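J.: Protein sequence lines, in the order shown, are assigned to chains A and B.
For the record, in the first sequence the residue sitting at position 222 is 255 according to our numbering, with numbers rising by one throughout.
For the record, in the second sequence the residue sitting at position 11 is 78 according to our numbering, with numbers rising by one throughout.
Please keep in mind that the hints were generated in silico from the structure rather than gathered at the bench.
Note that the coordinates shown come from a computational prediction; the quantities given were computed from them, not determined experimentally.
Be careful, since some hints might not be right.
Claimed, not checked - Computed, partial: chain B to chain A, Cβ under 10 Å: (1) Lys131; (2) Leu222; (3) Asp225; (4) Glu315; (5) Val317; (6) Ser320; (7) Val321; (8) Lys323; (9) Val389.
Note that CB positions come from ideal geometry on N, CA and C, so glycine has one too.
Here's the letter readout for the chains.
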Amino acid sequence: MVAFVLKRLVGLALTLLAASFLVFVVTEFSPGNVARKTLGAYATPAQVDLLYQRLKLDDPLLVRYGRWLGVLTGILRDPLQDPDLKLDFRDPRGDRYFGNFGYSTLFKAPVNDVIWDRLKNTALLAGIAFAIIVPLSLVLGVLAGMREGSWIDRTISIFGIVTTSIPEFASGVFLFVIFGFWLGLVPGTSPLTTSAGWSIASQLLLPVLVLVLYDSGYVVRMVRGSMAEVMNKPYIRTAILKGLPHRAVVTRHAVRNAMIAPFTIILLQINFLISGVVVTETVFAYPGFGRMLLEASLSKDISLIEAATLIALTIAIVTQLLSDIGYALLNPQIRLS
Amino acid sequence: MNDMRDNPHVKVLAGELAEKKIDRREFVRFATLLGLSATTAYGLAGKISGESFAPKAQAQALPKGGVFRLGNRIKEIKNPHTYSWGAYDSNMSRQVVEYLTFTDEKGVTHPYLFEKWDVTPDLKTWTFKVRPGVKWSNGDTLTADQIIWNLKRVLDEDVGSSMLGLMAGYMLKDADLGKKDDKGNPKKSQVLWDANAIEKVDDSTVRFNCKVPQVAVPEHLFHYPMAILHPDDKGVFGVGSKGTGAFELVDFSVGKQATFKRRNGYWGGDAALDGIEMTDVGDDPSAAIAALASQQIHGLVFADPVQYEALAAMPHLQFYSVPTGETQVMRMKVAEKPFDDARVRNAMRAALDPDAIVKVALHGLGRAGEHHHSSVAHPEYAALPKRPRDVALAKKLLADAGHPDGIDVELNVPTDLPWGQVQAETSVEQWKEAGIRVKINLMPGASYWDVWTKVPFGSTIWYHRPLGIMTYGLAYRTGVPWNESSYSSKEFDDLLGQAEGVYEVDKRRELMAKMEKILQDDGPLAQPLFRDTFTFMDKKVQGFSMHPTNYFFGWKVGLQA
Chain A
34 MVAFVLKRLV GLALTLLAAS FLVFVVTEFS PGNVARKTLG AYATPAQVDL LYQRLKLDDP
94 LLVRYGRWLG VLTGILRDPL QDPDLKLDFR DPRGDRYFGN FGYSTLFKAP VNDVIWDRLK
154 NTALLAGIAF AIIVPLSLVL GVLAGMREGS WIDRTISIFG IVTTSIPEFA SGVFLFVIFG
214 FWLGLVPGTS PLTTSAGWSI ASQLLLPVLV LVLYDSGYVV RMVRGSMAEV MNKPYIRTAI
274 LKGLPHRAVV TRHAVRNAMI APFTIILLQI NFLISGVVVT ETVFAYPGFG RMLLEASLSK
334 DISLIEAATL IALTIAIVTQ LLSDIGYALL NPQIRLS
Chain B
68 MNDMRDNPHV KVLAGELAEK KIDRREFVRF ATLLGLSATT AYGLAGKISG ESFAPKAQAQ
128 ALPKGGVFRL GNRIKEIKNP HTYSWGAYDS NMSRQVVEYL TFTDEKGVTH PYLFEKWDVT
188 PDLKTWTFKV RPGVKWSNGD TLTADQIIWN LKRVLDEDVG SSMLGLMAGY MLKDADLGKK
248 DDKGNPKKSQ VLWDANAIEK VDDSTVRFNC KVPQVAVPEH LFHYPMAILH PDDKGVFGVG
308 SKGTGAFELV DFSVGKQATF KRRNGYWGGD AALDGIEMTD VGDDPSAAIA ALASQQIHGL
368 VFADPVQYEA LAAMPHLQFY SVPTGETQVM RMKVAEKPFD DARVRNAMRA ALDPDAIVKV
428 ALHGLGRAGE HHHSSVAHPE YAALPKRPRD VALAKKLLAD AGHPDGIDVE LNVPTDLPWG
488 QVQAETSVEQ WKEAGIRVKI NLMPGASYWD VWTKVPFGST IWYHRPLGIM TYGLAYRTGV
548 PWNESSYSSK EFDDLLGQAE GVYEVDKRRE LMAKMEKILQ DDGPLAQPLF RDTFTFMDKK
608 VQGFSMHPTN YFFGWKVGLQ A
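Required output: the full structure, derived from the provided sequences and hints.
T.: Encoded structure:
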């Protein structure tokens, strides 16, 4: 097990390295000039060129990538913090430390000052949604799967298909019209400030509901499929034939086995809820990680894009690792080696 | 300056007060902006309305108190002198730090931190008087030295302010300061053209000695990066920064909220509001609609045409709009075939129906353009005879130019603004009838800005500028960097040069009419619309008016309980 985990951690580091380089390459070949974006339409071409040079964007790609890596690992000082460049890039942590993600040209602040607060906001949203999605999906999935073809199964399956197939931007608007506009129970946006008289809890209701509806439909269908498959296994038939009550068949024999396949899927929802909530965060003006990543991408803010990518990838790989370990614990037949 | 009571704008205000179109407070507010002393303004108001002079606090006023909540984007605001887009960032800092002049929603520029000014007949020497009694929030008095520090800072190329682009022509010159670029080649710098270009005459007088005549200096001083900062703050703005404005910034969080508190002792009279909260409503149009519907905010800094119908259906909201000079110009590179023939360019114009395009692209929230890039929002706009759509004329012009079977061209369109795409698509359908076959090449805005001066046929966004001649000088004068069509007309250049040397609007309008006609007959553009900028505010909001550049002024606004 220890060797397996270590192997995965080495894989994580290599994946992060490869992904960070790919992000650099993709950003390099995407349209637009970050200096123009930073200075705006009124700036003269000479000013744009000057900023381009100061940001050292005219260095070769590999030089810039190497410098970024050196700054991140604390091997190199961040050259953009040099006061002579007059970029006014200042980081209270200094210009050389491990985990220095650089300076955001979009927010004009160190990436470490920008990213963690937004990640915390998204973690709050994702945590609440996850805490609802998992038990809800398991209960509905098991209920549907244990009697395949019954009215309960059909009702839950239709519910799952409908909620999954409605995009978040549409369900967000529908739900607001009902609960916000008509009933006046919840606010329309979630800026996470209480000045307008709406509590933080009330601002979280709609985004959480949108995520729960969208995501639980999918997980319910996975659990239901797995449960239905298990219920058709010979050992379940044997359990029924030997006279065990239906409840005991389901709880003792079916559920644990039916959870093995959806377990990975459930853990993968953490990735979606952290880095895939761009739409929900945008619809509700939620100050989160997904919306920040979208804005950074539109502005070619390479330092912020790189940091967000590495964090999202780390979360993805760690959850994958946890799912592998959990998989083994649920099914001892599987050997991690 | 002459006695300000003779100022035509004061006379208009007096007429409006007599007809009770405005109240006394508004009269005094605007009359003082026009340079009238407060005492004279109150006296004049009393004479017109028959009421005796009353202290400001007892005058009819906006409702006092309350916190106004505005939907905005909460972008970084650390460096006001280098703001890049204006509507979002400067609308936060402008509640705290102010400008030397004030261009109102009608395009008229008034005194502000500069109390008044004189200009020599050659329009090269501008003498500005600093408004007396203006105090910073730390109690310091506003001085000429502080203003000059700001002016010199924005004109320092190392700072990176876009004021440089506006003022370089008349305040700077190229110089070799021994600087080299990364490859070791000598690099030209821009410095003040004369050591006395910005001159301190005395503690309350600043003089601009311009290299060439310039009529738009007061308008330039209202450009959004020209905020007057306290030199002690070293060009950095944030919570606790000193300002001359009616509010102080007390809390700020990028992407979330900016909170302002009223400051007592404001030189224009204490603001009616207790405070302002600006909340980030994001880029998604539905989020802003939802925030207004649930009354999380009282209004939006500006609204988009796609939001209009939803917002217009909400009974608690009031619609505000103002015509602007904002447009997308479908400009043709005059050196490139087939646009090198003026008849082809005229055919492109003749085949379009601007009124129909306004309806489709802007849902009617705009005005028809006349293919000369001068807007009713500009004070010197001259109305020319209408030229209705004439497809037969367009076909004839093309045939005369050697294209009896029509032409095939490609129009490059940035995707930044949805209405710009719709304008292009509608135009393409109308051009088809005249045998002008146009293929649209949609490009991300960022890509378009890399090639906007190079493509043969492109649809370029031009934002509002307070004077029509400012746009003409940037876009159509021979050889200037932003002349994206490479258009060149000696007659046009001469007229523009004359117009830039004329201070009186009526005389400038006569010259403008000639330039507009040149562009209609020979110009490089098809320009079917100007958009109105608009917004919605809660009906509780009082005193608000829409500004063509979407600027918001907290001191003008009150909130009914």
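J.: Work down the list of hints and note, for each, if the structure agrees.
T.: Cross-check of the supplied hints:
no.	hint	in the structure
1	Lys131	violated (19 Å)
2	Leu222	violated (12 Å)
3	Asp225	holds (5 Å)
4	Glu315	violated (17 Å)
5	Val317	violated (12 Å)
6	Ser320	holds (8 Å)
7	Val321	holds (5 Å)
8	Lys323	holds (5 Å)
9	Val389	violated (21 Å)
This entry does not satisfy hints 1, 2, 4, 5 and 9, going by the numbered hints stated previously.
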